[in-house]
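**Student:** Here's the letter readout for the chains.
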Amino acid sequence: MIIPKQMPVEKILKTIEGFENLLIIGCDGCSGIYMVGGEKQAEMLAKLIQMHRQLKKEPGEVRYTTVLRQCDRQLVATTLRPQMENVDAMISLACGVGPQTLIDVFPEMKVFTAVDTYGMGGKDRELGHFFEYCSGCGDCLLNETGGICPMTRCPKALINGPCGGMLEGKCEVGDYKNDCAWFLIYERLQKLGRLDLFRKYREPRDWRVAQSPRKLEI
Amino acid sequence: MVKREAYSKLMEEINAGKFVYTGELEPEKIGDMEEVIEGAKKLVGHVVAANVTDIPQSFAYMNSLGPSYMIQEKAGLEAVCQMTCRDRNRLAMFADLLAAGALGIVNILSLTGDHPSLGDQPEAKPVFDLDSASLTALIRRITDEGVDLNGHEIHNPPKFHVGVAINPGALPLEPEILKLERKEAIGAEFAQTQVVFEIEKAKAFMKEIKHVKVPTLVGIFPLKSYKIADWMEKFVPGVKIPESMMTKLKELKGIEDKPTRKAKIAEYNVEYYGEFLRELRKTTNAAGCHIMAVKWEELIPRIIEASGS
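From first to last, the protein sequence lines stand for chains A and B. If you count by my numbering, then the first sequence holds residues 8 to 225, one letter each, in order. If you count by my numbering, then the second sequence holds residues 53 to 361, one letter each, in order.
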């Protein structure tokens with residue numbers, strides 16, 4: 008899923024300065040599931056802004072709502088159209104896709120984001136950690152690398168790794184606290200008896216497949 | 053391994069089976085090349101060529117191309133121009149290779165390069181469009197076929213020799229050796245190792261890579277002070293300095309008179325590495341030694357002499 012992180016409240020407050028009536032919009036997709044930008048968090052942010060305004064004696068109404076998936080234009084349209092009365096600005100709690108979809112559907116509206124998006128990954132609930140696992144490069148290498156993505160998990164995105172910065176399986180970036188992706192790949196391929204895939208030389212990638220903006224017909 | 057024609061003195065001597073020495077020069081954050089040229093002049097006659105570093109440890113320094121040309125022109129010392137993939141995409145690397153060739157630079161050391169986060173501009177965007185393996189492949193295509201990566205013809209294509217780096221201190225070692233095998237298959241012509249302090253480690257490593265037919269120069273690093281030794285051991289991955297060396301440097305640190313202290317430390321390095329080299333030549337198939345005595349060039353002939361060659 009997509010990894011979202013809410014911006015610091017001070018930053019959000021600065022962004023919305025001068026806009027009185029706000030609609031805060033959560034997303035029940037990744038952001039909601041990760042409890043960063045679902046309905047509950049939209050409600051909390053709305054309350055925080057209201058409290059701030061009461062203290063500062065600033066006017067304006069702050070409402071909140073949520074969309075099943077903010078990345079779906081039709082869902083955004085049907086969910087939000089009935090709620091658009093008396094709104095000066097929208098604040099999205101979805102990943103970076105959400106606010107852009109809002110603009111597509113409501114081109115006249117002022118739209119802000121309250122989230123920084125960290126890419127695609129997984130979660131360990133016990134550790135309370137998110138891990139970035141995919142950068143959406145458009146040319147998947149996982150079948151060759153024992154199921155571990157070097158494009159995302161190696162800070163240099165090397166396809167012929169590891170580099171000289173690996174020590175005891177750890178990566179020089181981040182002071183040897185993180186796993187070296189190529190060490191993990193080596194270990195996996197060794198277990199699978201496929202070190203030939205490790206030794207193999209990979210030609211430089213064709214970056215055209217990752218050329219933004221990408222569009223897929225579905 | 054394919055026997056290729058030699059276009060440089062370094063390669064000529066390696067091919068002839070001579071035990072070769074290379075030095076190292078490091079252009080820093082400086083707007084002139086005087087120091088590098090002076091350093092190169094001190095190396096002439098003692099080493100066959102010198103590496104010129106390319107933004108080492110991601111510190112924003114002068115590039116390697118300019119000084120590589122200048123040491124050849126002004127000091128008459130052959131360059132091993134280091135090229136890292138951190139800062140340039142394949143277009144820029146190719147462009148620099150053409151310029152290097154036109155300027156008479158023949159030896160290229162193909163490196164992936166440290167991540168920008170390690171240097172003094174950690175905010176920089178990393179590039180790594182190519183890596184040490186694909187840069188090696190690019191250099192092979194230019195030299196062997198006279199074309200770029202997409203097979204487009206080059207007018208008057210330059211001829212290069214391409215070397216790679218390898219770390220005997222890599223832990224575990226197997227992936228490092230597999231990588232060297234990968235680069236051998238691509239056509240790397242020589243290898244220089246990361247610094248090794250223990251002769252036993254150098255010997256064991258040379259044994260491990262015996263099946264790889266890439267002539268390998270073992271890297272050594274004379275230690276100017278206990279402080280540097282301590283820093284290297286703590287912060288350079290895979291570097292292990294022998295206990296005896298640390299003790300000796302600590303002891304010499306105590307000498308109060310600076311010139312005496314410096315002379316004693318130099319003497320110790322000469323003795324230590326003289327023995328190291330003698331043993332390396334005698335017991336391994338190393339093609340030579342890469343002596344990283346940056347700004348301590350005068351030590352190199354003394355070490356070589358002490359080794360009895």
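There may be inaccurate statements among the hints.
Said to hold, decoys possible - Cross-link-like lysine to aspartate or glutamate pairs, in silico, EDC-like; alpha carbons within 16 Å at most:
#: 1; chain 1: B; residue 1: K292; chain 2: A; residue 2: D203
#: 2; chain 1: A; residue 1: K207; chain 2: A; residue 2: D131
#: 3; chain 1: B; residue 1: K253; chain 2: B; residue 2: D282
#: 4; chain 1: A; residue 1: K198; chain 2: B; residue 2: E226
#: 5; chain 1: B; residue 1: K316; chain 2: B; residue 2: E303
#: 6; chain 1: A; residue 1: K207; chain 2: B; residue 2: E226
#: 7; chain 1: A; residue 1: K207; chain 2: B; residue 2: E233
#: 8; chain 1: B; residue 1: K286; chain 2: A; residue 2: E24
#: 9; chain 1: A; residue 1: K207; chain 2: B; residue 2: E125
#: 10; chain 1: A; residue 1: K12; chain 2: A; residue 2: E27
#: 11; chain 1: B; residue 1: K81; chain 2: B; residue 2: D172
#: 12; chain 1: B; residue 1: K347; chain 2: B; residue 2: D172
#: 13; chain 1: A; residue 1: K21; chain 2: A; residue 2: E92
#: 14; chain 1: B; residue 1: K279; chain 2: B; residue 2: E303
#: 15; chain 1: B; residue 1: K55; chain 2: B; residue 2: D172
#: 16; chain 1: B; residue 1: K314; chain 2: B; residue 2: E303
#: 17; chain 1: B; residue 1: K292; chain 2: B; residue 2: D282
#: 18; chain 1: B; residue 1: K302; chain 2: B; residue 2: E319
#: 19; chain 1: B; residue 1: K347; chain 2: B; residue 2: E80
#: 20; chain 1: B; residue 1: K286; chain 2: A; residue 2: D182
#: 21; chain 1: A; residue 1: K117; chain 2: A; residue 2: E210
Simulated from the structure, these hints should not be mistaken for lab results.
**Student:** Would you mind marking each hint as holding or not holding in the structure?
**Tutor:** Verification of the hints:
Under the criterion of a C-alpha separation no larger than 16 Å, the hint pairing B/K292 with A/D203 is inconsistent with the structure, at around 31 Å. The straight-line distance between the Cα atoms of A/K207 and A/D131 is roughly 33 Å, outside the 16 Å bound, and the hint therefore fails. With a C-alpha separation of about 19 Å, the suggested pairing of B/K253 with B/D282 is violated against the 16 Å cut-off. Between A/K198 and B/E226 the CA atoms are separated by roughly 14 Å; this keeps the pair inside 16 Å, and the hint holds.
With a CA separation close to 11 Å, the supplied pair B/K316 and B/E303 stays within the 16 Å bound. Between A/K207 and B/E226 the alpha-carbon distance is near 14 Å, which keeps this suggested pair within the 16 Å criterion. This hinted pair checks out: A/K207 and B/E233 have alpha carbons roughly 9 Å apart, not beyond 16 Å. Of the supplied pair hints, the one linking B/K286 and A/E24 is violated, its CA atoms being roughly 49 Å apart against a limit of 16 Å.
For the proposed pair A/K207 and B/E125, the alpha carbon gap of about 40 Å is over 16 Å, so the pair is violated. At most 16 Å may separate the alpha-carbon atoms for a hinted pair to count; A/K12 and A/E27 exceed this at roughly 25 Å. Proximity of B/K81 to B/D172 is assessed by CA-CA distance (about 11 Å); at most 16 Å being required, the pair is judged to hold. Of the supplied pair hints, the one linking B/K347 and B/D172 is violated, its CA atoms being roughly 21 Å apart against a limit of 16 Å.
Restraint check: the Cα-Cα separation between A/K21 and A/E92 comes to about 24 Å, which exceeds 16 Å; the hinted pair is violated. A hinted pair counts as satisfied when its Cα atoms are at most 16 Å apart, and B/K279 with B/E303 qualifies at roughly 12 Å. With a CA separation close to 42 Å, the supplied pair B/K55 and B/D172 exceeds the 16 Å bound. Of the supplied pair hints, the one linking B/K314 and B/E303 holds, its CA atoms being roughly 13 Å apart against a limit of 16 Å.
Taking the CA atoms of B/K292 and B/D282, the gap is near 10 Å; set against the 16 Å cutoff, the hint holds. Under the criterion of a C-alpha separation no larger than 16 Å, the hint pairing B/K302 with B/E319 is consistent with the structure, at around 15 Å. At most 16 Å may separate the alpha-carbon atoms for a hinted pair to count; B/K347 and B/E80 meet this at roughly 11 Å. The straight-line distance between the Cα atoms of B/K286 and A/D182 is roughly 12 Å, inside the 16 Å bound, and the hint therefore holds.
A distance of roughly 45 Å separates the Cα atoms of A/K117 and A/E210; the hinted pair therefore is violated under the 16 Å criterion.
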